[in-house]
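K.L.:
Listed here are the chains, written in short residue letters.
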Amino acid sequence: MLDLQAGDLSAFERIVEEYQDFVHHLVYRFTGRREGVEDLAQEVFLRIYRARDRYRPEARFRTWLFRIAYNLCINTTKSRRLRRTGSLDTPIGGDAALGDVIENPDVEAPLVVLERNEVFGRLREALSTLPPQQRAAMTLYQYRAMSLREIADVMSTSEKAVKSLLARARENLREKMRPYLGASGVQESADAAENF
Amino acid sequence: MIPLDCRQTREELVAFDHGELSEQLSNAVRDHLSRCAACQLAHSQDLQILQMLEREPRPLASREFLQGAVAAARRDAAVARQHQKRTWFAGAGVLAAGLLAGALVFKLIATDDDRDIIANLDVLDSLALLKDADPGNESALVLELAKAAPDETLETLLGAGAGEDY
Numbered sequence: 001m002l003d004l005q006a007g008d009l010s011a012f013e014r015i016v017e018e019y020q021d022f023v024h025h026l027v028y029r030f031t032g033r034r035e036g037v038e039d040l041a042q043e044v045f046l047r048i049y050r051a052r053d054r055y056r057p058e059a060r061f062r063t064w065l066f067r068i069a070y071n072l073c074i075n076t077t078k079s080r081r082l083r084r085t086g087s088l089d090t091p092i093g094g095d096a097a098l099g100d101v102i103e104n105p106d107v108e109a110p111l112v113v114l115e116r117n118e119v120f121g122r123l124r125e126a127l128s129t130l131p132p133q134q135r136a137a138m139t140l141y142q143y144r145a146m147s148l149r150e151i152a153d154v155m156s157t158s159e160k161a162v163k164s165l166l167a168r169a170r171e172n173l174r175e176k177m178r179p180y181l182g183a184s185g186v187q188e189s190a191d192a193a194e195n196f
Numbered sequence: 197m198i199p200l201d202c203r204q205t206r207e208e209l210v211a212f213d214h215g216e217l218s219e220q221l222s223n224a225v226r227d228h229l230s231r232c233a234a235c236q237l238a239h240s241q242d243l244q245i246l247q248m249l250e251r252e253p254r255p256l257a258s259r260e261f262l263q264g265a266v267a268a269a270r271r272d273a274a275v276a277r278q279h280q281k282r283t284w285f286a287g288a289g290v291l292a293a294g295l296l297a298g299a300l301v302f303k304l305i306a307t308d309d310d311r312d313i314i315a316n317l318d319v320l321d322s323l324a325l326l327k328d329a330d331p332g333n334e335s336a337l338v339l340e341l342a343k344a345a346p347d348e349t350l351e352t353l354l355g356a357g358a359g360e361d362y
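First to last, the protein sequences are chains E and V.
Heads up: the first sequence begins at 1 in our numbering, then just goes up one per residue.
Heads up: the second sequence begins at 197 in our numbering, then just goes up one per residue.
Just so you know, not all the hints are guaranteed correct.
As the list claims (entries may be wrong) - Calculated cross-link-like contacts (lysine to any residue; reagent style SDA-like; alpha-carbon spacing at most 20 Å):
{"id": "1", "chain 1": "E", "residue 1": "K160", "chain 2": "V", "residue 2": "H214"}
{"id": "2", "chain 1": "V", "residue 1": "K281", "chain 2": "V", "residue 2": "A292"}
{"id": "3", "chain 1": "E", "residue 1": "K160", "chain 2": "E", "residue 2": "T63"}
{"id": "4", "chain 1": "E", "residue 1": "K160", "chain 2": "V", "residue 2": "A292"}
{"id": "5", "chain 1": "E", "residue 1": "K78", "chain 2": "E", "residue 2": "E125"}
{"id": "6", "chain 1": "E", "residue 1": "K160", "chain 2": "V", "residue 2": "E208"}
These are computed hints drawn from the structure, not numbers from a lab.
Computed from a predicted model, the values in this text were never measured in an experiment.
The whole structure should be built from the sequences, with the hints applied where relevant.
P.N.:
Pasting the structure below:
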């Protein structure tokens, strides 16, 4: 970033290269839809480029980048009043539990794929119905390398507020995904925690 | 160890799963989970959802994205440079127009006395002297000019009472 501040455009290229997939995913999750992800991702990088002189090395670059993406997506979501439309994201229907879909090795492959797609469809639908801030908090939380403090910095809020947003998001998702969730016990829960 | 109730446990699960709880609080959460079937189930389902989120296919940047983003930044930089140039020229134009307008107004409304005052301003001579002064020796010249200036000029320039300080 300091090279970019010094006018080195190849530094910008390196930044885009390193973070492009990351930003695509963030934008996708923040806005809750696939359409227009590339345009918004490009706008994120353009804003980084324009704001290069305002970046201070004291701030962690990743936090700064995420904040730009977060603000852009929140504003876009507000202004467009994004509404889900019937698309590839629309779930197919059915009631298979996730545990069955992912863990049962006896199920025929095409069926597994179909059911998994359905579960992911439901998941996307559930995510898209979350309030934008809860969705953003969940997205950032997913990056295990990000502490709750850093998430709070990105969202310009307190750590306590982030915890609260996440707790509510988890509750909402649990409610919406209930038909797809297995009733696992403590041991399974502990295993899953290790895998997460 | 402080025992936690269901509400407290649910609140702490976020930090618990993120490995951000103290050892003592983590133990308290574990203890509650081992005793409460409802929280155990909720936690298990939370983890399943987090796993699903991990596994969900993500949109990746296209091959052309990098080139597109860099090209957009280049275009943006070019536009910014042009804008800067235009702003500079516009500013210079406004300044020149202002000076011209000022000169015209002066020419129209100034009396002969005003013109005499402008023509005989000592300060103009002083500026000319300063311009020709040896580089680095301007301060000495300013002192010399100040000494040579008539008292009334100094008073006018420095204000009433300034002469006493000198």
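K.L.:
Could you run down the list of hints and mark each one as holding or not?
P.N.:
Tested hints:
1. This hinted pair checks out: E/K160 and V/H214 have alpha carbons roughly 14 Å apart, not beyond 20 Å.
2. At most 20 Å may separate the alpha-carbon atoms for a hinted pair to count; V/K281 and V/A292 meet this at roughly 16 Å.
3. Distance restraint check for E/K160 and E/T63: the Cα-Cα separation of roughly 18 Å lies within the 20 Å cut-off, and the hinted pair is therefore satisfied.
4. For the given pair, E/K160 sits about 58 Å from V/A292 by alpha-carbon distance, which is inconsistent with the 20 Å threshold.
5. For the proposed pair E/K78 and E/E125, the alpha carbon gap of about 18 Å is at most 20 Å, so the pair holds.
6. For the hint pairing E/K160 with V/E208, the CA-to-CA distance comes to about 11 Å; that is within 20 Å, so the pair holds.
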